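Novice: Taken in sequence, the protein lines are chains A and B.
Everything in the first sequence is counted per our numbering, starting at 5 for the first residue and increasing by one.
Everything in the second sequence is counted per our numbering, starting at 2 for the first residue and increasing by one.
Simulated from the structure, these hints should not be mistaken for lab results.
It should be emphasised that the depicted structure is a prediction, and the values quoted were computed from it without experimental measurement.
In this text, a Cβ means the ideal position worked out from N, Cα and C, and glycines have one as well.
Hints are not guaranteed to be accurate.
To be verified - The calculated label-pair distances, taken between Cβ atoms and stated as ranges, are: (1) B:V84 / A:N17: 38 to 46 Å; (2) B:D136 / A:G23: 50 to 58 Å; (3) B:I107 / A:D75: 36 to 44 Å; (4) A:V25 / B:L143: 40 to 48 Å; (5) A:L309 / B:F181: 49 to 57 Å.
What the hints assert, rightly or not - Calculated cross-link-like contacts (lysine-lysine; reagent style DSS-like; alpha-carbon spacing at most 30 Å): (6) A:K134 / A:K121; (7) A:K120 / A:K134; (8) A:K134 / A:K176; (9) B:K167 / B:K96; (10) A:K176 / B:K96; (11) A:K176 / B:K167; (12) B:K167 / A:K120; (13) A:K220 / B:K15.
Unchecked claim - A short, non-exhaustive set of chain B residues, derived as facing chain A with CB atoms under 10 Å: (14) E53; (15) W55; (16) Q56; (17) T59; (18) A159; (19) G162; (20) I164; (21) E171; (22) L176; (23) A178; (24) G179; (25) P190; (26) N191.
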Amino acid sequence: MSERAGVEVRLENLVRRYGTVTALDGLSLTLAPGELVALLGPSGCGKTTALRLLAGLEEADEGRIVIGGNDVTGLPTNRRNIGMVFQAYSLFPHMVAWENVAFGLQMRHVGTAERKKRALDTLELVGLGKFAYRYANQMSGGQQQRVALARALAINPQVLLLDEPLSALDAKVRSRLRDEIRRVQLEVGITTLFVTHDQEEALAIADRVGVMQAGKLEQLGPPTLVYSRPATPFVADFVGLTNRMAGTVRGGAVEVRGASIPLVHPDTPDGPATALVRPEAVTLTGNADGESGPLIGTVIAVAFLGAVSRVTVDLGDTTVLAQLPTSAASQHPAGSRVRLELRSDPVLVQREETAPVAS
Amino acid sequence: MALTRSVQRTRRLKLQAFRIAIFALAAVFFLIPLSAMVEFSTRANNGSRTLEYWQSITTYPEMTDAIVASLQLAVITSFAMLVLLVPTMVWVRLKLHRLNRIVEFICLLPLTIPAIVLVVGLFPMYIWLGTNLSDSILTLALAYVVLVLPYCYRALDAGLGAIDVKTLTEAARSLGAGWFTVMWRIIVPNISNAILNATLLSVALVLGEYTIANNLLYNNLQVELVHLGRASAGTSIAVAVGSLFFAFVLLVAIAFVGGRPRRQRADPVAAVAGPLQASQA
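Kindly generate the complete structure, drawing on both the sequences and the hints.
Specialist: Structure below.
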């Protein structure tokens with residue numbers, strides 16, 4: 005494979021409307037050269053629209069798209085030099101794998117021998133050199149998506165666009181292919197926009213994750229930051245699990261059932277609020293048989309997740325999820341009385357469902 | 002277990018017998034009239050076998066002209082139908098999805114209009130065409146394109162429905178293909194069976210068309226067959242059998258060309274390693 009340097013990609017104030025619905029509402033996003041940014045969000049949040057605008061498959065009503073310093077807003081898809089992997093299997097059924105990969109090269113008038121060599125090299129890159137002579141219907145879903153990735157990369161695109169390429173695959177293949185995509189992306193060094201609704205996928209492979217809602221970017225940052233310091237209650241809710249616990253904000257901290265937890269935004273005005281607490285910030289400390297208190301409750305379920313387990317505790321007026329190592333969780337079977345402890349990781353609070361305190 | 006197997010075997014045998022019976026019935030239904038036609042077209046007045054009627058086809062210049070004209074009409078109509086329908090249907094699927102119903106309605110409309118009504122509607126246009134442009138029989142292709150629309154629309158619609166037109170088009174576009182390349186290199190090869198089916202229907206309809214040609218005073222194959230039937234019944238039947246044989250050859254061609262199974266291309270490495278790795282992701 006030839007060495008490639010990624011380019012900067014800028015989406016500036018993109019607006020896209022479908023009739024009265026605004027799918028993208030002034031989206032601005034800059035991808036650094038060679039960076040992989042994942043756009044994450046629920047269905048209809050505008051993430052796929054953003055990707056399709058960047059690909060040129062749809063036209064923006066307002067805004068600008070700049071790839072490698074060139075304004076490509078008005079350029080048709082076939083003149084943008086982008087590589088794209090689609091959610092649906094998109095291999096051309098009448099061509100074998102290497103012909104699929106070579107198609108883009110043929111469009112660029114690369115000679116037959118060179119075309120075939122580069123197609124076979126790219127198939128090797130994605131580990132499918134031995135499948136070069138297979139048709140799409142002779143390959144599994146994972147293999148087809150890898151060929152689609154090779155096809156997108158073979159043309160030396162300036163940007164790689166991945167539109168939920170793993171969503172049609174089963175869990176094991178998805179996880180393997182996810183790592184494969186990241187490996188290839190790092191090896192090639194191509195600027196990549198990855199769209200997904202699967203937070204695990206986004207957090208696992210992206211340099212930065214952008215969480216979208218209603219056509220807007222709620223937060224953009226490294227996965228660890230988005231998870232540990234969500235900028236808005238929506239991000240806290242959407243990325244990972246969250247316990248919603250009633251409390252009172254006082255002096256830059258929130259008091260929840262007798263425990264004081266610092267706030268992500270310490271300037272939040274005092275008053276009643278709902279604290280958004282991660283399950284891993286909740287720990288269970290010892291047996292509490294016969295005791296009572298605001299943080300003492302009964303285990304009602306233990307969900308085994310492998311190395312960790314998720315314990316649901318009934319506190320009487322609410323239930324709380326705690327995520328612990330399985331060895332620790334096994335000491336608290338369903339029905340046992342336990343005492344909860346809330347770690348002092350900074351949390352977000354929400355005043356009401358309709359009026360989040362996001363600052 | 003043994004009982005289940007026995008029941009399955011009995012059921013399979015019954016199904017097999019049912020299939021054979023249906024096939025035999027269909028064969029009898031089609032073959033008896035055909036063999037009667039062949040028998041009639043090869044029977045001399047004295048009862049002996051002769052190819053006189055078949056040989057005499059070429060001695061009727063009007064018939065030869067009509068056959069050539071009908072074949073030309075079949076080719077022109079099929080080509081015009083494909084050029085009109087394929088890009089339109091693809092475009093509607095890609096960009097104008099809301100018009101899908103309207104296009105379908107327009108294409109199916111000729112089904113509800115009797116041919117004789119169509120002639121009444123087309124007559125003024127053909128008078129104008131004959132006076133101002135051309136009175137060639139090939140102008141019948143205009144009417145025939147309308148006539149074959151419903152059948153060809155259905156065949157092409159089924160073909161396009163079997164592939165993901167939008168994703169394939171977008172994939173090709175993202176790789177640098179222009180619209181013509183998308184149509185010619187991506188869409189057409191993937192609906193080749195549907196195109197062949199539509200073409201066959203179009204050819205069959207044009208070769209069998211009588212009402213429009215006769216009422217617009219053109220002599221195509223069917224019109225000449227009727228004329229010839231009055232002069233020489235044997236030759237008329239020979240031409241009819243010939244037309245049917247031509248349609249049969251077309252069907253066989255489609256079965257072999259269009260329905261050719263897609264096989265893995267010869268590659269010694271893949272042939273050995275492939276099956277082992279096919280089960281992997």
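Novice: Next, verify each hint and record whether it holds.
Specialist: Going through the hints against the structure:
Separation of B:V84 from A:N17 is about 43 Å and conforms to the stated range, judged on CB atoms against 38 to 46 Å. Between B:D136 and A:G23 the C-beta distance comes to about 51 Å, which sits within the given range of 50 to 58 Å. At about 41 Å, the CB distance of B:I107 to A:D75 agrees with the hint of 36 to 44 Å. Distance hint for A:V25 and B:L143: a CB-CB separation of about 44 Å, consistent with the stated range 40 to 48 Å.
Between A:L309 and B:F181 the beta carbons are some 53 Å apart, a value that agrees with the proposed interval 49 to 57 Å. Distance hint between A:K134 and A:K121 is fulfilled; the C-alpha atoms sit about 14 Å from each other, no more than 30 Å. Annotation: proposed proximity of A:K120 to A:K134 holds, straight-line Cα distance about 14 Å (limit 30 Å). This hinted pair checks out: A:K134 and A:K176 have alpha carbons roughly 22 Å apart, not beyond 30 Å.
In summary, the hint linking B:K167 to B:K96 is supported, as the alpha carbons are separated by about 9 Å, within the 30 Å threshold. Proximity of A:K176 to B:K96 is assessed by CA-CA distance (about 36 Å); at most 30 Å being required, the pair is judged violated. Only pairs whose Cα atoms come within 30 Å are accepted, and A:K176 paired with B:K167 is accepted, the gap being roughly 28 Å. With a C-alpha separation of about 27 Å, the suggested pairing of B:K167 with A:K120 holds against the 30 Å cut-off.
Using a Cα cut-off of 30 Å, the hinted pair A:K220 and B:K15 is violated, with the two alpha carbons roughly 64 Å apart. A least Cβ separation of about 49 Å between B:E53 and chain A goes past the 10 Å threshold, and the interface hint is therefore violated. For B:W55, the suggested interface contact is broken, since its CB lies about 42 Å from the closest CB of chain A, more than 10 Å. For B:Q56, the interface hint is violated, the least distance from its beta-carbon to any beta-carbon of chain A being 45 Å, above 10 Å.
Hint status for B:T59: violated, given a least beta-carbon distance of 42 Å to chain A, over 10 Å. Checking B:A159 against chain A: minimum C-beta separation of about 16 Å lies over 10 Å; hint violated. The criterion of a C-beta within 10 Å of any C-beta in chain A is not met by B:G162, whose closest approach is roughly 14 Å, and the hint is violated. Here the hint on B:I164 is kept, as its CB sits about 7 Å from the closest CB of chain A, short of 10 Å.
Because the smallest distance between the Cβ of B:E171 and any Cβ of chain A comes to about 6 Å, under 10 Å, the interface hint for this residue holds. Interface hint status for B:L176: upheld, as the beta-carbon distance to the closest one in chain A is roughly 4 Å, under 10 Å. Among the interface hints, the one on B:A178 holds; its C-beta lies about 5 Å from the nearest C-beta in chain A, closer than the 10 Å criterion. Because the smallest distance between the Cβ of B:G179 and any Cβ of chain A comes to about 6 Å, under 10 Å, the interface hint for this residue holds.
The beta carbon of B:P190 comes within 4 Å of a beta carbon in chain A, closer than 10 Å, and the hint placing it at the interface holds. Below 10 Å, beta-carbon pairs count as interface contacts, and B:N191 has one with chain A at about 6 Å; its hint therefore holds.
Comparing the model with each earlier hint shows violations of hints 10, 13, 14, 15, 16, 17, 18, 19; every other hint is respected.
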